[in-house]
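**Student:** Sequence:
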Amino acid sequence: MTTAAPIPVVICGARAETAKSVIAGLAPEYEVIHVILSTSVGVAALPSILSCADPSAENSELEPILGSHNYSAPPFAIIAGGGHDDSSVASMQASVRDHKVQVPWLRHDPSKPAPPVGPEYGKHVVKRVRECLEQLLAKSPTELDEVRGKVVWY
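Heads up, the sequence shown is in the UniProt record's numbering, so the first residue is 1 and it goes up one at a time.
You may find that some hints are simply not true.
[Stated by the list, open to error] When the alpha-carbon atoms are kept at most 25 Å apart in a straight line, the in silico DSS-like pairs for lysine-lysine are as follows:
1) 127 x 150
2) 139 x 100
3) 100 x 112
4) 139 x 150
5) 20 x 139
6) 123 x 100
7) 139 x 127
8) 20 x 123
9) 127 x 20
10) 100 x 20
11) 150 x 112
12) 112 x 123
Read the hints as simulated data drawn from the structure, not as lab findings.
Model the full structure from these sequences, guided by the hints.
**Tutor:** Laid out in structure tokens, this is it:
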């Protein structure tokens, strides 16, 4: 019996502790290949990541603290947590707007109730992100093309 390879994703978050919880909660079906903890790093690193290249090869300051660092395939999605506001996400999106690889941008929906930041928050985020990813994976290729490069709220 063969096991499907995990689906690569990128996390953009504000807190390493929450990112660790999300990484653990998404495994084994999803592989967090890179964790971005600031907008400036996201702007600099995302073009390389979408090109299946290690962003730290050109700039050692872009070495991720967290993530598998497996850049053999582009991410299926970029997941932005609640620590990234409209301006932050727009800046990161602009850095890859003209890139040949376009992926959905999953964003935390602040209108949905969530526990305070802490261990339960990470579990809550994982549940919502998994549901959103599963909905995207269920789409036809044409339907998926319609959300590439666009925000999908979770």
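**Student:** Does each hint fit the structure? Answer for all of them.
**Tutor:** Evaluated hints:
1. 127 x 150: Given that 25 Å is the threshold and the Cα spacing comes to 21 Å, the pair holds.
2. 139 x 100: holds (21 Å)
3. 100 x 112: Roughly 33 Å separates the two Cα atoms, so the pair is violated.
4. 139 x 150: holds (15 Å)
5. 20 x 139: violated (28 Å)
6. 123 x 100: violated (33 Å)
7. 139 x 127: holds (19 Å)
8. 20 x 123: Holds: residue 20 and residue 123 sit about 11 Å apart, inside 25 Å.
9. 127 x 20: holds (15 Å)
10. 100 x 20: violated (30 Å)
11. 150 x 112: holds (20 Å)
12. 112 x 123: holds (15 Å)
Hints 3, 5, 6, 10 from the list above are not met by this structure, while the remaining hints are.
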